[in-house]
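J.: If you're matching them up, the sequences are chains A and B in order.
Each residue of the first sequence is one higher than the last, beginning at 1 in this note's numbering.
Each residue of the second sequence is one higher than the last, beginning at 1 in this note's numbering.
Bear in mind the hints are in silico, worked out from the structure with no lab data behind them.
On a predicted model such as this, the values are computed, not experimentally measured, just so you know.
Even glycine gets a Cβ: it sits at the ideal position worked out from N, Cα and C.
A portion of the hints provided could be inaccurate.
Pair ranges (Cβ atoms, derived) [stated by the list, open to error]:
1) Ile155/A x Val95/B: 47 to 53 Å
2) Gly355/B x Ile155/A: 31 to 37 Å
3) Arg106/B x Ile264/A: 25 to 31 Å
4) Leu282/A x Ile288/B: 53 to 59 Å
5) Gly276/B x Pro85/A: 29 to 35 Å
6) Arg84/A x Gly480/B: 24 to 30 Å
7) Gly480/B x Pro244/A: 39 to 45 Å
8) Asn379/B x Gln179/A: 40 to 46 Å
9) Pro85/A x Pro510/B: 34 to 40 Å
10) Trp61/A x Leu427/B: 53 to 59 Å
11) Gly480/B x Ser55/A: 30 to 36 Å
12) Ser55/A x Gly275/B: 46 to 52 Å
13) Asp267/A x Met99/B: 50 to 56 Å
14) Ser55/A x Ser134/B: 38 to 44 Å
Covered by chain A, per the in silico footprint, the following chain B stretches (three or more residues, Cβ under 8 Å) [stated by the list, open to error]:
15) 105-112
16) 122-132
17) 282-289
Below, simulated SDA-like cross-link-like pairs (lysine to any residue); rule was C-alpha separation at most 20 Å, straight line [said to hold, decoys possible]:
18) Lys118/A x Asp273/B
19) Lys560/B x Glu369/B
20) Lys118/A x Ile280/B
21) Lys419/B x Val400/B
22) Lys419/B x Ser534/B
23) Lys518/B x Ser534/B
24) Lys518/B x Ile539/B
25) Lys118/A x Lys522/B
26) Lys513/B x Leu427/B
27) Lys419/B x Ile280/B
28) Lys513/B x Gly480/B
29) Lys118/A x Gln238/B
30) Lys361/B x Ser351/B
31) Lys118/A x Ala274/B
32) Lys560/B x Ala525/B
33) Lys118/A x Leu51/A
34) Lys118/A x Val281/B
35) Lys419/B x Asn199/B
36) Lys118/A x Leu284/B
37) Lys522/B x Ala541/B
38) Lys419/B x Glu369/B
39) Lys419/B x Arg432/B
40) Lys118/A x Gly276/B
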Amino acid sequence: MLVADLVINGLIIGFLYALMAIGLSLIFGVLRIVNFAHGEFYMVGAYAYSLITLSSGISPWFALPLAFLAGSLVGLVSERLLVRPLYAGYANWGFMRDEYAVIVTFGLSLLLISLADKIIGPFSYRGPTLLPPSRIELGPFLLNGNRLLAAALGIAILAIAVGFVRYSYWGKQIQAVAQNRLGASLAGANVNVVSSLVFAISGGLAALAGALLAPFIAATPDVGLFPAVKSYVIVVLGGLGSIPGSIVASLLLGVVESLAAVYISYDYRDTFGLVVLIVVLLFRPQGLFGQKGREV
Amino acid sequence: MDTRRRLKLELRVAAFLLGIIALIPVVVSNDYWLGVLIVSMYFAMVATGWNILAGYTGQFSFAPATFGMLGAYVTGLAGFHFGLPAFAGIPAAIVVSAMIGFLLGRIVLRLHGPYLALTTLAFAEVVRAAISNSMSITRGDLGLNVEAIPVSRVGYYYFFLGALLLVVSMTFGLLRSRAGLFLQAIRDDEIAASSRGVNVVTWKVVAFTLSAAIGGLAGALYAHFAQLISPELGLLSQSGMIVSMVVIGGMGSLVGPLAGAFLVYYLSELLRDAGGYQHIVFALLVIIFARFFREGLWGFTRALTPVAAIPSPTVAETNSKSDGDRSISVGRVAPPDASTSSPILSVEALSKNFGGLQAVKSASFDVAEGEIVGLIGPNGSGKTTLLNILSGHYRADTGVVRLDGQAVQNARTNELAGKGLLRMFQLTRIFRRMSAFDNLMVAGRALGLSESEAQRRANALLQDLGLTGVAHLDAGRLSGGQAKLVEFGCCFIVPPRVVLLDEPFAAIHPTIKDVMAKFILKRNALGQTFVIVSHDMPIIAELCTTAVCMNAGEVIAAGKTRDVLSNPLVIESYLGEEHDRATHS
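The task is simple: from the sequences and hints, build the whole structure.
T.: Structure follows, in structure tokens:
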């Protein structure tokens, strides 16, 4: 029974990981870069949710969309200022493309953390839960109602996000740019708007993950580190750029962590994913679901 | 600019910087500031090590601080558990770090770009978590006490300076040797590097190992200086600090990490006192430098030195025009009789699948020594895949490739280059951040030439190809045709046995085409063998004695060029069934 309990809790956290990871995957799919400031988008969401509800006393239900907006805004501004130069002729650069993207987003991550530390302070803020504390009986399982709700909201948001990318007009443009940036621009897709949009969505989703978890994991300047490291593990496991792969890998990681924390070691709970990652990359450098591209 | 010349200038500046640092204790006796400088030297060492890996070899690892931490813990634990003194603990730290760096290098060999960054980040976090959670051995987050070396602060200062001097001169020695060329070649284009004969696997692992050993040395010294170490040494933010030092100082230069380390650490001490804005300032600096000054502070000095005017990109064209003669007719020696001599290259029943697509189906043909073979066929017929198998970039599913009678279908690209099988790519692959001259030097040194011999031949080749005027420019600034000539030239620095050319004449000016065609004939007259993939039938007809035609992965015709080109199967594959029916009815 304990196993089933752990699996369900693992799945709950897995859906929230997925919310983080698909944003990262989307950015990689479209722009071919890994955003090392992704955890800080999460941090922005966690702070936005906690500070808005704690200071103004408005309903946490209103704080959720505001957190999304805050995350999208940070994502949008980052893209405009730092990422856009990447697609304006990087051929003659002193750096190579990957180096620039890694360095500049890593710099952004340090900047956002230190700004939060300086402006808000190193203290932690725990946002209120969406519902009064409750236990929900689901068959033989007794679950924390708020966690279940967070996971349910996570699933709903995931569905909306995936639906948007799959079926909407803008989503189709995103797919086109992801497949062939130059081709899409020749066919009339507005490549720059698509890139900004992708960053805004990605930032917003990460911020929502931060907001949904803020009642359980208090916001601090470096709260984004572990969610970010986990989403890196997830996107590499799932194959960089693959959204279905990311979702499967998120759930897998959630369950593995939940089981390993009990059966192997609680102290090392945050490192199992990393070990799995290293082992997988040894045998499949393109990730579990990724496809190997043509190199030569 | 050439690596050599750049390095010489850098060495002078580095020596000057280290000279100043050596003199500081004469003036400054304040223990606090000496301590700041000692820690700066720790960072300077780790940053120099990381720069070998990331700046020169292009392997962007996120774990520089991890190796510092490992070094510190090796000597710390050896002292704590076994009472090992510092003079034994420090070498142990170097060896253990180097071994772990070697292993990491082997593990991440096949990873590139973001995958590499992410995996090394994962490695860094796993190691840190392991140390922090192994309470019984490492005392975890409480930290570990390490014995001091019984010297004064100035004594420590010169210990660190000596180590830094060692690290910098070792790095200089490394970069000045052929390794410097190879590492940068790997950074610019791994596939091209292996095609020129560079053993990419070995040199990548060398870079990882060295970088880790330097980190281990620095960390071990730091442990004995600080006397208390904790897993915080390996925090991601520590690695971030090291990355920012190198980025601000200038990646891929000898001076950059030194200047960056002292400046950033000194500034961070100043800013810490002035309200704790140091992290914000560094993050901003990293972003600003990455965004606007990609070569860091060291790049500014390069901007100050006068840059020679870029010669017009038509140098090669004008040089070759002076020959006047536009037709290609260099006295061709009769090729050795293919029927009597055994083939230099033979392909036997070669097949290759990509998923469900059979790109090459049981292809067989022979290439006799001294021939120029045209490999033709419509797009998608498997020509490039075949070349990729011949040059060792792909493994064939089945079949045998023989070079001089020796089965080589499982040989690695660089081994094949060593045996004299060289290759030029359809999309030009050169080392864009190295000069044209250094591009040729990479090929020459990788194939075993001595420094002076390689230089002599590189200059001669540049002259022959009309590239002398642009020899010392970064290859990335050359025109498309010039870049192609550089890659072409790399195949000839050591007389090759077989040269595979993939679409050498596509999208270049006719005069450059002429230069190449004449060069091919000249080299062929010396007995060198060529396999040329091209869609340019007139030039195939003119250059090639024999031709092989592929369609849908199969060899459909092989023999004398004239016969192959008039073979109805070949015409059909090129022009389609419609044409075939029309001409036959």
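J.: What hints, given by number in increasing order, does this structure fail?
T.: Numbers 4, 8, 11, 12, 13, 22, 25, 27 and 39 - these are the hints that the structure violates, sorted from lowest upward.
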